[in-house]
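Enquirer: One-letter residues, chain by chain:
Number of protein chains: 4
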Amino acid sequence: MTTGQITIKPRYCECDPMGVAHHSVYPVWFEMGRTELLRSTGISYREFEEEGVFLAVVRLDVRYKQSARYDDDLVLETEITSIGRVKIEHAYRLLREEVLIATGHTTLACLNSEGAACLLPDRLRSSVDSC
Amino acid sequence: MTTGQITIKPRYCECDPMGVAHHSVYPVWFEMGRTELLRSTGISYREFEEEGVFLAVVRLDVRYKQSARYDDDLVLETEITSIGRVKIEHAYRLLREEVLIATGHTTLACLNSEGAACLLPDRLRSSVDSC
Amino acid sequence: MTTGQITIKPRYCECDPMGVAHHSVYPVWFEMGRTELLRSTGISYREFEEEGVFLAVVRLDVRYKQSARYDDDLVLETEITSIGRVKIEHAYRLLREEVLIATGHTTLACLNSEGAACLLPDRLRSSVDSC
Amino acid sequence: MTTGQITIKPRYCECDPMGVAHHSVYPVWFEMGRTELLRSTGISYREFEEEGVFLAVVRLDVRYKQSARYDDDLVLETEITSIGRVKIEHAYRLLREEVLIATGHTTLACLNSEGAACLLPDRLRSSVDSC
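So the sequence lines, in the order shown, correspond to chains A, B, C and D.
Numbering follows this note's numbering, with no gaps: position 80 of the first sequence is 80.
Position in the second sequence (first residue = 1) + 1000 = this note's numbering.
Position in the third sequence (first residue = 1) + 2000 = this note's numbering.
Position in the fourth sequence (first residue = 1) + 3000 = this note's numbering.
Just so you know, these hints were derived from the structure itself, not from any lab.
Restraint-style ranges between C-beta atoms, simulated for each label pair:
| no. | chain 1 | residue 1 | chain 2 | residue 2 | range |
| --- | --- | --- | --- | --- | --- |
| 1 | D | A3116 | C | G2042 | 28 to 36 angstroms |
| 2 | C | T2007 | B | R1096 | 20 to 28 angstroms |
| 3 | B | A1056 | C | S2126 | 50 to 58 angstroms |
| 4 | C | S2126 | A | P121 | 53 to 61 angstroms |
| 5 | A | L119 | C | R2096 | 26 to 34 angstroms |
With a straight-line Cα cutoff of 25 angstroms, these simulated BS3-like cross-link-like pairs (lysine-lysine) come out:
| no. | chain 1 | residue 1 | chain 2 | residue 2 |
| --- | --- | --- | --- | --- |
| 6 | A | K9 | A | K65 |
| 7 | C | K2009 | B | K1009 |
| 8 | D | K3009 | A | K9 |
All figures in this text were calculated on a predicted structure; none of them were measured in a lab.
All residues carry an ideal CB built from backbone N, CA and C; glycine is no exception.
Work the whole structure out from these sequences, hints included.
Expert: And the structure:
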């Protein structure tokens, strides 16, 4: 299935008094991973929204294994693990060199501009299938 | 001029590796102060937006005098210092008991849903004048 | 088991271009729920940290069922569902009146100031047991 | 004086219901600009902190001129405009191609690990003087 990598450097304000990246910022990084993975298949999420198609997170699961610190050089691997008619699932692995920092999974549902479930756009499905 | 007070407790994720509230969260607190000040005059900012009226920050100035820490009991005083035809100015004082933590000023401009400057709604101007 | 409630009003900056609270802010609200639940048993998390005891999130799971919007009046119910020697588990239900917005679960591990696993403080365990 | 450039892409969660980057995220971008400017002179802010030297923002001023949107390609120019014995000042210009989005200024003070004012490290002063 389609996979991609981005680099992440935890920002100062993303780190907490323990000196480590706060756990609530990982879902933000996952979203960045999804955006860039989509872009790599030739699709802009911003264009989706301009056409009235939205992808809403309906499930999030994160396992935190090691801390990440301010200014660390991290790599986030994002993979599409399943794509159905209205939902798409991703898996994530966050690494600092060989050290596994965290893993995660999300499920997104496709919504129209009224917030009702709708079919994932064909060009998203076909871009994934062709990978 | 119209003034109001809210209480603030810095959240854990709002504090940085120095153990103090990050400077970028103060503008967020100022916005909360404005929302509640507006509400105290009987106006909901959410209703404004539903009517297509937006208030955009065009200037922000903050002086940080002392640190605020996680779980501190802070008081934010918000005051409308000037109201014109399209702009409104606020001043802020953030305190922990008698200690002055920070002061700030903002200027907001009224925009319509296309992002063009427009007149501040009459009921905002009159609610301020009557205080 | 010990339970508590707090009220939440999504802040403007917590809402995204879809007009709804961004999914990454839910873990922040859950943390606020834990802090207040702890406080209700007479324990300050800030004091824990001052004594060199830290609670780190090692697992997070959220199911998003309905959107929350700016300035909504939400209630977050937080419950301790399990407490062991080094880990503590919480469950969350976020509601807008009778509507269930989201549910969540977290597992926290107790760490010392070097980041090594350590026993949960006795007074935390006993405060929970006595509820 | 020393200057540097970084690229910025507003994240989805940094944008608000108006569809534009929230004003509170600009100070976060300015901090990123300072970190990379420092790095370009061969200094890591993280190392500073590990040696017990902290730079705290004591003044922030931002003028917002145009909106920035999700996924825009922005450039942030950061310049050191003044360096004294304990304080350092920066100016910022945020651009989308030729369009000026915002300008800003900050003043930072050097603090030791007890939070008391202290002299800026010699190697910071000399790295700036030599540019």
